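*Asks:* The primary structure of each chain is shown beneath.
There are 2 protein chains.
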Amino acid sequence: MTGFVGVADMVRWVARHGAETLMAGMADYIESDFRRWTSFDKTERVASHTPFGVIELMPISDPDVYAFKYVNGHPSNPARGFQTVTAFGMLADVHNGYPVFLSEMTLLTALRTAATSAMVARRLARPDSHVMAMIGAGSQAEFQALAFRGVLGIDRLRVYDVDPSAPDKLVRNLRPHGFEIEVCGSASEAALGADIVTTCTADKTAARVLADTDVAAGMHVNTIGGDCPGKTELDPRILERGPVFVEYAPQTRIEGEIQNVAPDFPVTEFWEVLTGAAAGRTSPEQVTIFDSVGFAIEDYSALRFLRDSVAGTDLSGRIDLVAAPEDPKDLFGMVGAPVPA
Amino acid sequence: MTGFVGVADMVRWVARHGAETLMAGMADYIESDFRRWTSFDKTERVASHTPFGVIELMPISDPDVYAFKYVNGHPSNPARGFQTVTAFGMLADVHNGYPVFLSEMTLLTALRTAATSAMVARRLARPDSHVMAMIGAGSQAEFQALAFRGVLGIDRLRVYDVDPSAPDKLVRNLRPHGFEIEVCGSASEAALGADIVTTCTADKTAARVLADTDVAAGMHVNTIGGDCPGKTELDPRILERGPVFVEYAPQTRIEGEIQNVAPDFPVTEFWEVLTGAAAGRTSPEQVTIFDSVGFAIEDYSALRFLRDSVAGTDLSGRIDLVAAPEDPKDLFGMVGAPVPA
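If you read the protein sequences in the order shown, they are chains A and B.
Just so we're aligned: the first sequence equals residues 1 to 341 in my numbering.
Just so we're aligned: the second sequence equals residues 1001 to 1341 in my numbering.
There may be inaccurate statements among the hints.
Straight-line C-alpha distance at most 30 Å; calculated DSBU-like pairs for lysine-lysine [claimed, not checked]:
#, chain 1, residue 1, chain 2, residue 2
1, B, 1042, A, 42
2, B, 1042, B, 1204
3, A, 42, B, 1204
4, B, 1042, A, 204
5, B, 1329, A, 204
6, A, 42, A, 204
7, B, 1204, A, 329
If you are wondering where the hints come from, they were derived from the structure by calculation, not from laboratory data.
Values in this document were obtained by computation on a predicted structure and should not be read as measured data.
Here chain A stands alone, though its shape is the one from the complex (with noise of 0.2 Å):
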């Protein structure tokens, strides 16, 4: 049988633990794949466009473990009533090729992109950071205000959101946890006094949410909403500022911010940082970005921290997913019987 989350026991997972303490321990997991990265055979994700939306498969895969996210993207859904994203994804045995843990991932997924920001700001932004800046407050918003508090130790936030009501939902959901949170008037006034910005919005435009001028020395920029062809979030004079950091290079020149730049433009794969193979933040005074689009690793990592987290607990179910008759050369005398007359 394969292991099973479903999204009740996700639910119960993340209020036994706290999302917060799920997030550090998530982004320890996501850095230490991050370092053996060369391990991983990186496939490319598969893409099936139409007019509403996209829905993709993204397979990553170690000499061990394959895992793979079902993911949707539709712009229009939460007009309707729906989520802009779903997910579900899965973890299989490379030796035998069979599943072994499947889970939703629509909240997973919104932990380890967070985790993914936190994970790599602890070595990006300024180890003096206090105040994070917050342009967007959707649904992505408090996973990445408790991921950098889990793992930077940011309590102070600057938010704003063009739709009014938006920071409302933050600082109701984040006033529990003990923030001190600063609803502004424009991301320009958002992102004063700032030592780490995070810009996370849904428009599917080139958008300029974020203006060169906002940008003052020393702060990290974590952009996070630049993550497919025609959506990005930046004026494009900021990734001229300081080192840009990416993912995985092929993925984010097509997805991220740096698709309105040089397609040459110089970037450093974070998991070059972690091994010492790259310099990270070099100055106080330096500007750091780094250009998130969300990548496989990232997912194969939630998957299997979350999948350690649940073993043996009442949280780990399962799922008859997997045909297993007794003699592997004879599946049709699974179903053989006649039919009853």
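Fit chain B to the given chain A structure using the hints.
*Replies:* What follows is chain B alone, placed relative to chain A:
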């Protein structure tokens, strides 16, 4: 909630209706979807190869419904007590990207592969066909036999396998179903007097399980086992004996029997026969060849047939796979309660 058919329900479904009846119905669904071939977005399959085998994701979409199948192929699995191939798959709503139906597909793939063979043979084999030779009596064999009886009325089998115990298994499984079965000592002997020859063997080599001299005038050759690079079954000279029909030419050129002939070897995509755009069999003396590798539309059709068949019955389960927050913009609200002290 997403609809779900697990292995136990699949076994009950087949036992309730009989594989023969189900495959006849499924053949009609596949034919109907092949007739509207051009309405599908035929994304390439994504394969992850390792020394042990391959894991593939096969996506396909029409303007309303998206489907994908996860399937592995590990030739050394049976020796270790595992099946060579396992699979599961899903249907999603293109309009909002939500998964709507998940099913085991190890058994379903066996059914759809045989249903496809029979659907094609219904148009290409001589109408007076009664005898089928089967080279290879492995996991797929019984399904092929029942599909050919359900769709074409074939009731006499001539069986050969390099493993002498395999035909025993086939006879044991099919005897209660009323076939006339002759076990033969060689492929040539099995082919003698047959109207249709089905080759379905597992060796991952350029094998020649059927010789050119085994093929007589008027035969339909249904070749199943040549389905990945380096894995073929026929003496390539057989391909010169009559028109070769394929599912999707770009995929078959890489995976099918025609990888052993010139890249511009003429083939006909079978959907064109159904729509009348191309000729099928044009004389009783002609040899016809179906070079089958398995295509994603067949999985789409099989999932659609299964979903329709189990709808509203006790075989239709539910799986808790898609998070549904009350406010689609407030995902965190699902998990946001503070950690209990």
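*Asks:* Going through the earlier hints one by one, which of them does the structure break, listed in rising order?
*Replies:* Per hint list: zero violations.
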